[in-house]
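Asks: With the hints as constraints, model all of the structure from the sequences given.
Here the working numbering is used: position 28 in the sequence shown is 28, and no number is missing along the way.
None of these hints come from the bench; they were simulated from the model.
Here the structure is a predicted model, which is why all the values come from computation and not from measurement.
Think of the CB as a built atom: it goes at the ideal place given N, C-alpha and C, for glycine as much as any other residue.
There could be a bad hint or two in this list.
Label pairs and their calculated CB-CB ranges [unchecked claim]:
#1 A45 x D145: 34 to 42 angstroms
#2 V104 x A45: 40 to 48 angstroms
#3 A45 x F88: 17 to 25 angstroms
#4 G114 x H47: 47 to 55 angstroms
#5 P15 x V42: 28 to 36 angstroms
#6 E5 x D128: 25 to 33 angstroms
#7 E4 x Q51: 41 to 49 angstroms
#8 S89 x L113: 28 to 36 angstroms
#9 R81 x T18: 25 to 33 angstroms
#10 W34 x R81: 26 to 34 angstroms
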Amino acid sequence: MFFEEFEPGQTIVSPARTITEADVVSFAALSGDWNAIHTDAVYAAEHAFGQRVAHGLLIMSIASGLAMRLGFLEETALAFREIGDWKFSLPVYIGDTVRLRATVTETKAMPRLGGGLVSLKVEVVNQDDKVVQRGTWSVLVKSRD
Numbered sequence: 001m002f003f004e005e006f007e008p009g010q011t012i013v014s015p016a017r018t019i020t021e022a023d024v025v026s027f028a029a030l031s032g033d034w035n036a037i038h039t040d041a042v043y044a045a046e047h048a049f050g051q052r053v054a055h056g057l058l059i060m061s062i063a064s065g066l067a068m069r070l071g072f073l074e075e076t077a078l079a080f081r082e083i084g085d086w087k088f089s090l091p092v093y094i095g096d097t098v099r100l101r102a103t104v105t106e107t108k109a110m111p112r113l114g115g116g117l118v119s120l121k122v123e124v125v126n127q128d129d130k131v132v133q134r135g136t137w138s139v140l141v142k143s144r145d
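Replies: Next comes the structure, spelled out in structure tokens:
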């Protein structure tokens with residue numbers, strides 16, 4: 001979608017994606033975060049959540065991937081400008097299924113940059129429709145012209 005196609009109040013919902021053990025292990029290897037709460041089933045079973053939890057930043061990364069899978073920024077996103085007020089509300093476990101819900105809150109034309117800024121209220125929700133992460137994103141989106 002081009003900048004001109006975004007309207008405040010517009011909501012976009014992604015397809016769902018299930019979090020796998022491979023996701024968690026791959027992210028641990030990539031990030032270097034091998035914290036046992038994420039990677040050791042025995043340790044995690046004996047601690048706060050009772051099972052392994054996905055890295056919060058893994059879920060945030062998956063959320064950005066879900067946004068791209070929607071196609072609404074495909075070939076038109078010029079820059080990811082800001083992530084604001086990001087909250088990690090609930091744990092995400094291996095086997096949970098998440099999706100992204102993004103609502104346009106504001107648009108601001110920036111013709112000098114060839115597009116405009118689209119501000120989004122973003123929620124990552126699980127299979128029970130509970131918000132597990134939330135915050136705001138600002139994306140510079142290409143103009144049609």
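Asks: Hints first: check each against the structure and report whether it holds.
Replies: A quick look at each hint next to the structure:
1. A45 x D145: 34 to 42 angstroms: Given range 34 to 42 angstroms: violated, Cβ gap about 57 angstroms.
2. V104 x A45: 40 to 48 angstroms: Once the Cβ atoms are compared, 42 angstroms apart, the range 40 to 48 angstroms for A45 and V104 holds.
3. A45 x F88: 17 to 25 angstroms: holds (21 angstroms)
4. G114 x H47: 47 to 55 angstroms: holds (49 angstroms)
5. P15 x V42: 28 to 36 angstroms: holds (34 angstroms)
6. E5 x D128: 25 to 33 angstroms: With Cβ atoms ~32 angstroms apart, the hint holds.
7. E4 x Q51: 41 to 49 angstroms: holds (46 angstroms)
8. S89 x L113: 28 to 36 angstroms: holds (33 angstroms)
9. R81 x T18: 25 to 33 angstroms: Since R81 and T18 have Cβ atoms about 30 angstroms apart, the given range 25 to 33 angstroms holds.
10. W34 x R81: 26 to 34 angstroms: Roughly 32 angstroms apart at Cβ, these two residues keep to the hinted range, so it holds.
Hint compliance for this structure: hint 1 is the single one not met.
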